[in-house]
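All chains, please: the whole structure from these sequences, using the hints.
Listed here are the chains, written in short residue letters.
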Amino acid sequence: MSLSRAKDLRLPLMNLVRLKGSPILEQLHLEERLLRTSSDNWCIVNDGTNVPTIVMGMSGKPSQLLEVEAVMEDRIPVIKRFTGGGTVIVDKSTLFVSLICNKDDVPNVQPYPRSVMAWSGSLYDEVFKSVNGFQLRENDYVFGDRKFGGNAQSIIKNRWIHHTSFLWDYDVRNMAYLKLPSRVPQYRLERDHTDFVCRMKDYIERSDFVEKTVKAVRNQFTLKQVNLEDIDSYAKGGYLKTTRLLTMEELEEAMADTIQNT
Amino acid sequence: MACRLLWASRVASHLRISVTQRGFSSVVLKDLKYADSHEWVKIDGNKATFGITDHAQDHLGDVVYVELPDVGHSVSQGKSFGAVESVKATSDINSPVSGTVVEVNEELTESPGLVNSSPYEQGWIIKVELSDAGEAEKLMDSDKYSKFCEEEDAKH
Chain F
1 MSLSRAKDLR LPLMNLVRLK GSPILEQLHL EERLLRTSSD NWCIVNDGTN
51 VPTIVMGMSG KPSQLLEVEA VMEDRIPVIK RFTGGGTVIV DKSTLFVSLI
101 CNKDDVPNVQ PYPRSVMAWS GSLYDEVFKS VNGFQLREND YVFGDRKFGG
151 NAQSIIKNRW IHHTSFLWDY DVRNMAYLKL PSRVPQYRLE RDHTDFVCRM
201 KDYIERSDFV EKTVKAVRNQ FTLKQVNLED IDSYAKGGYL KTTRLLTMEE
251 LEEAMADTIQ NT
Chain L
1 MACRLLWASR VASHLRISVT QRGFSSVVLK DLKYADSHEW VKIDGNKATF
51 GITDHAQDHL GDVVYVELPD VGHSVSQGKS FGAVESVKAT SDINSPVSGT
101 VVEVNEELTE SPGLVNSSPY EQGWIIKVEL SDAGEAEKLM DSDKYSKFCE
151 EEDAKH
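Taken in sequence, the protein lines are chains F and L.
FYI, in the UniProt record's numbering the residues of the first sequence are 1 to 262.
FYI, in the UniProt record's numbering the residues of the second sequence are 1 to 156.
Note that these hints are calculated values from the structure, not bench results.
Bear in mind the structure is a predicted one, so any value in this text is a computation, not a measurement.
One or more of the hints may lead you astray.
[Unchecked claim] Not close to chain L: a few residues of chain F, all C-beta gaps over 10 Å, as computed:
no., residue
1, 83
2, 105
3, 115
4, 207
5, 214
6, 216
7, 218
8, 233
9, 236
10, 241
11, 253
12, 255
13, 256
[To be verified] Derived list of chain F stretches under chain L, where covered just means 3 residues or more per stretch with a C-beta under 8 Å from a C-beta of chain L:
no., segment
14, 55 to 66
15, 146 to 155
16, 173 to 184
[Unchecked claim] Among chain L residues calculated to face chain F with C-beta under 10 Å, some are:
no., residue
17, 56
18, 61
19, 85
20, 92
21, 94
22, 111
23, 112
24, 113
25, 156
Note that beta-carbon positions come from the ideal geometry of N, C-alpha and C, so glycine has one too.
Structure representation (C-alpha cells):
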C-alpha cells in the first residue's frame, strides 16, 4: 500500500457533490436534507445559480431587510433558509461551498458557531494563501476590510453545516434590493453595500479557487465524488423542511409593514 | 465574574436551591436535571420547565432569535423542538424529556437576550406536561453535568 493511501485511510470520509447552475432553493433543500437525514460528511460545490435570488437567514424579516416594492415589481424570488445569518442576493456568478460534518469527525471543533468558524477560517486560509489580505474578520470572509463571502451555519445534535456564498462578481443594481441591516459588523463602519463588499474575481481565478478549496478539504478528509442522482441512497427518513420560498402574500404583508412604519 | 456569582446567588436564593460554584466555569444549579445537549429541566409534579444552560449560552454567543414551538406541540426526549440563532448560526434546542407543550416564553420573541442574561430564570423556553416522568432518570444531576462540561471543554 502506498504511503498516501495509508494516510488517506486515517482521514474521515467526505462525499463531494459538484453542481453547476443548480437553483439555490434546490441546493438549500439538498443541504437541509443531508444535514438532517444523512450520517455522512458532505462537501457541496455549486458553480453559480440559475436566476438572481434573495436568500435571508432563519429570522430574517423582509420589511426590515429588503426594498420590498422593488423586489415585488421585479419579481425577484425571496428564500428563507434554515441557517442563521444575514441576507444575500445570489446569481449565476456566485460560487457556493457547503460543508456538512459530523462533530466526531472534526474532534478539535466544538459544535458552536465560533469554533466552527475558526475551523472554516483556517481551511480558507489555505485556499487563499497566495492572496494578500484574506482573513475571517468578525465572522465574515474579507480581503482587507471588504467582504467577499457570506457564511452561515446550522448546528444540530451531532452535526453541523457551514455554508458560504462567495461574491465572485455582482451587479450593483442587485445590491439595491437589500437594505442596510440593523445588525452589522463593527468593521463595516456605516459603509453602504458597494463600499463594503468586493468582487472575488479581482483576487483569484475561478477554477483556481475551486481546485484549492477541494484540495484544502482533501487535507482533512478522504473525498469521494457522489452524483446528485445517487443522493437518495445516502439520505433516508423524514425531516421537517424549513427552507422555503416566500409567498406573494408574505411579501405584500411586508410591504404593508414598511408603509405603516414610514 | 463577580457579577455572574452575584447573579447566581440571587437566582439560587429566589429558587431556594444551592449553587455549585465552579470558579471560572459556567453556572450549574443543583436541583435541576441536565441533558448532554446542554438543556436544563425543572420538574414540578407532572409539569416541567426547560431552557438551555449557562454553558450553552456562553458558547453560543449573543442570542438574537428564538424559534418557539406552538402550544399543544408534542416533544420527545432527545429530539429537537425549536432553535436559537446566534452568531450566524441556528442551533437546535433538544427536549430533555417527552411531553406536550403547555406554555412558551413569549418574552423571548421581543427579548431573545434573556437566554444569555438569565438562562435559568427569565430565559426559560417552554413548559410541558410530562408524558413519562421516568425519563428524567436518564438525565444528569448537577455534579455529573458539571463534570461533563469540564470534560467537553478540556477536549478542545
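These are the hints, each one checked on the structure:
1. Listed as outside the interface, residue 83 of chain F is inconsistent with that label: its C-beta sits roughly 6 Å from the nearest C-beta of chain L, within the 10 Å cut-off.
2. At roughly 14 Å, the least C-beta separation between residue 105 of chain F and chain L is larger than 10 Å, which holds for a residue marked as non-interface.
3. The beta carbon of residue 115 of chain F sits about 7 Å from the closest Cβ of chain L, which is not more than 10 Å, so the claim that it is off the interface is violated.
4. With a least beta-carbon separation of about 28 Å from chain L, residue 207 of chain F lies farther than 10 Å from that chain, consistent with its non-interface assignment.
5. With a minimum CB-CB distance of about 24 Å to chain L, residue 214 of chain F clears the 10 Å threshold, and the non-interface call stands.
6. The claim that residue 216 of chain F lies off the interface holds: its Cβ sits roughly 21 Å from the closest Cβ of chain L, which is beyond the 10 Å cut-off.
7. Once the 10 Å rule is applied to beta carbons, residue 218 of chain F is consistent with being away from chain L; the minimum gap is 24 Å.
8. In this structure residue 233 of chain F is separated from chain L by more than 10 Å, as the shortest Cβ-Cβ distance comes to about 25 Å.
9. Remark: the non-interface label on residue 236 of chain F is consistent with the geometry, its nearest Cβ contact in chain L lying 17 Å away (cut-off 10 Å).
10. The Cβ of residue 241 of chain F sits about 14 Å from the closest Cβ of chain L, beyond the 10 Å cut-off, so the non-interface label holds.
11. Residue placement check: residue 253 of chain F keeps its beta carbon more than 10 Å from all beta carbons of chain L (closest about 17 Å).
12. Distance check for residue 255 of chain F against chain L: the nearest CB is about 22 Å away, which clears 10 Å, and the non-interface claim stands.
13. With a least beta-carbon separation of about 20 Å from chain L, residue 256 of chain F lies farther than 10 Å from that chain, consistent with its non-interface assignment.
14. Beta-carbon proximity to chain L at under 8 Å applies to 3 residues in the segment 55 to 66 of chain F; the threshold of 3 is reached and the given coverage holds.
15. Only residues whose C-beta sits within less than 8 Å of a C-beta in chain L count toward coverage, and the segment 146 to 155 of chain F has 5 of them, enough to reach three; the restraint holds.
16. With 1 residues bearing a CB less than 8 Å from a CB of chain L, the segment 173 to 184 of chain F misses the requirement of three and the coverage assertion fails.
17. With 10 Å as the threshold, the beta carbon of residue 56 of chain L comes within range of chain F, its nearest partner Cβ sitting at about 8 Å, so the hint holds.
18. A hinted interface residue such as residue 61 of chain L counts as satisfied when its beta carbon comes closer than 10 Å to some beta carbon of chain F; here the least separation is about 6 Å, so the hint holds.
19. With a cut of 10 Å, the hint placing residue 85 of chain L at the interface with chain F holds, because the nearest CB-to-CB distance is about 4 Å.
20. Checking residue 92 of chain L against chain F: minimum C-beta separation of about 5 Å stays under 10 Å; hint holds.
21. Below 10 Å, beta-carbon pairs count as interface contacts, and residue 94 of chain L has one with chain F at about 6 Å; its hint therefore holds.
22. With a cut of 10 Å, the hint placing residue 111 of chain L at the interface with chain F is violated, because the nearest CB-to-CB distance is about 14 Å.
23. For residue 112 of chain L, the interface hint holds, since its Cβ comes within 10 Å of a Cβ in chain F; the closest pair sits about 9 Å apart.
24. For the restraint placing residue 113 of chain L at the interface with chain F, the shortest Cβ-Cβ distance is roughly 12 Å, beyond the 10 Å limit, so the hint is violated.
25. With its C-beta approaching chain F no nearer than about 5 Å, residue 156 of chain L sits inside the 10 Å limit, and its interface hint holds.
Checked against the numbered hints given earlier, this structure breaks hints 1, 3, 16, 22 and 24; the rest are met.
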